[in-house]
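Trainee: With chain S's structure known, arrange chains D and L on it following the hints.
Residue numbers (our numbering), protein chains in the order written: chain S, 51 to 326; chain D, 396 to 656; chain L, 98 to 373.
Computed list of chain D residues with no C-beta within reach of chain S, every gap over 10 angstroms: (1) Gly414; (2) Ala481; (3) Asp489; (4) Pro496; (5) Ile622.
Over 10 angstroms on every C-beta distance to chain L, these chain D residues come out as not near it, computed from the model: (6) Ser398; (7) Asp421; (8) Asp466; (9) Phe468; (10) Ala517; (11) Ala537; (12) Gly580; (13) Ala619; (14) Arg629.
Which chain D residues face chain S? A few, computed with CB under 8 angstroms, are given here: (15) Val576; (16) Leu604; (17) Ile610; (18) Leu650.
Quick caveat, the hints were computed from the structure, so don't treat them as lab data. These figures come from a predicted structure and were not determined experimentally. Ideal Cβ positions, reconstructed from N, Cα and C, are used throughout, including at glycine.
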Amino acid sequence: MTALLSIRDLSVAYRRDGREVAALKNINLDIASGERLAIIGESGSGKSTLALAIAGLLPASARIGGRIDWQMSEFRSPHQPSCLRKTPLSGRDIGFVFQDPSASLDPVMPIGKQIAEVARTHLGLGWPQAYARARTLLERVRLPDPGTALRTFPHQLSGGQKQRVAIAAAIAAGPKLLIADEATSALDTIVQAEIVSLIRQLVSEDGMTLLFVSHDIALAAELAERIAVFRHGELVEIGATAEIVNAPRHAYTRALLDAHIGLDAEPMLRRAGASA
Amino acid sequence: MNSPLLTVSGLAKRYRRGGKTIAAVDDVSFAIEPGETLALAGPSGSGKSTIARLVLRLIEPDAGRIQFEGDDFLALSGSALRARRARLQMVFQDPLAAFNPRATVARLLDDPLRIHGIASRAERPRRIAALLERVGLNADLAPRAIHEISGGQRQRIAIARAIATNPSLIVLDEAVSALDVSVRGDILNLLLDLQAKERIAYLFISHDLGVVRAIAHRVVILDAGRIAESGDARAVIGAPQSAIGKALVMATPKLHRTTAS
Amino acid sequence: MSVVRRFLRTPEAIAGTIILAALFAMALSASLFFPGDPQAIAGPALLPPFQDWSLPLGTDRLGRDVLAELFHGARTSLAVGLAAAAAALVIGAIVGTLAGFAGGLVDEILMRTTDAFQTVPGFLLALAFVSVVGPSLSVVVMAIALGAWTGPARVARAEVLSIRERDYVAGARVIGMHPLEIAFREVLPNALPPVLALSSVIVAAAILTEAALSFLGLGDPNRVTWGGMIAEGRTVLRTAPFLSIIPGVTLVLTVLGVYLAGEGVVETTAVRRSLS
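Excised from the complex, chain S in its bound form:
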């Protein structure tokens, strides 16, 4: 297993009202090529900051310490000429899916054009080939009637369909790494399950590495091979999914697992109430 990237002593701080707030503290983490890694944590854990840092999408005002070392040989692919870059390019080498698809899609551009543009910019295709690729991608993300869908606008789609389009745009340039930051949190349970299975399929078909950022440990466990637990900007523990779920070493991980209310949970309701 080769490491796609190695994170060494990564610290990120944001400036807020003149003060510095640490979002990540001395993170060390390796992501293997082709693995599915889940980053889980509650609000303020730094999990989204980590995703943005890896994608190179942190705001310019953020103060960044430490290193992210990339194994650039992993990024060569048939339609991408190898170059001397030291870091991969967000959008081409890294696909990013955000929580809110309405915010990441342009509301006044047909979705076909939005996807084709990614393919055109990063793969150097002409418009006809780029549109053909967009059509194939819409088929792959299982949008009904992809031919017509090319010309629809984001507001004509449901939340789940918009997220499918956002995924299509994210993988349009054939990235090596796909980052999904709470990509299913705004969706209902059924649509969430569909999107998760779609991500799983696309990742395995294209041999992508997946970084799945979520607050839901059960969802993460269904999708990922490894889980990293974050809290207050620190990496609490990392391990294989079965290990984290069944034999957590850290009390916080155990607390997160215990707080999960699944379909097999002990009922909290004391059945002494009114109705019988």
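Mentor: Below, chains D and L alone, put in the same frame as chain S:
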């Protein structure tokens, strides 16, 4: 057996969108007993939030009847409706959006006490402190601005505001969905404690069947504005009969732990 | 405190503040430096400026002290400008809030009334109003406000329309709050920022309208006004141009100062919004 606290029958609400009429809620009927938790579950667009807003008279139905505490709730208007609202309260999903961004904790809790004449001006600070204590918060939180406190604290304030007027029914619209899991359990326990002590009934709206199964007595599963099935929460979720019920159970993430939990 | 410091960081704000501070100092110190009636004869007629240091800016056609008139005129201009703008903002905010919050017939009636006022040029309206009721300070204020409240009303209504759909307004209804209390205590304060952003434009326009009314002889005859001074000087424009130029330049500087300070405020609040 006494009559139900809330009876909803034949409720319907239609929206017009681009020349087409869409039934958001279509012939929905259910009842809630005093002190009972009835959950409304379903995918997005199933009409569960619309039902909550109809029951609270935030929007008006196109058809149907709502009987609350023995009275025709839809016949009330003006000051009679406002007075009766004391008995029927609500907690929203996003506690930050549910409060005036300029408000302080004290003002948010003062409003219901003042509007319904529950306590005199001199007495109110003491009542506010007591309310904060009942939801497990420190009384010195009162002067703080609402945006200064944590999400879990905010949701406790929302519950304190809802119970200030001594309601018999509280509508909880995805009230724990936006909370961190470590906070969610505490809020659910607080709700269950209040219910046990004061026989408050809950209309619990959620897309999370795990939570529904853990805290609701009965569940109504909705699909496209209609009731797909209903019954005892653990029985329905344990063995759903409707297609949508089965799909919801299937789609719920499951944590397979081999060690004793 | 930090808001003030941030405000004073923009060059527009500094320039605007200096001009306005000088203006307020003039208005407040008018009776201190020039305790007598500014319309009394103080020396020979048509004395040019910088000749006699007891009358530094010279005298007008009737031998009145131009500097004294300028100081007392600052009072009128500021008083009328601020009072008219305040009246316009209050009327506009109330009308806009009622229309936006009530909707239906109330909205229809109030907004058609707003339309009616907006189709008549504000200056004509003020002219007609003063000619009918008679010139006095309060009538001039009313007349100017009458033509200026429609802008704030429209902005307030648009803001209220979006705010009234928020959860906290629904929350206020659920606890049984009276609709009028919801409109003016929950909605209006949150709708105010964009309305207040109009205030500099309205103050500047009000000062100009007041000057124009005075120029046409429709100002309060018992008070010195810059518009009146310009009108006075007009008859001797060729022989003594300074009589029109001095109050004219003061007027331009005042309007500029108001604009610049307003711009600074908008910039400061914009920064604050992007920070939060």
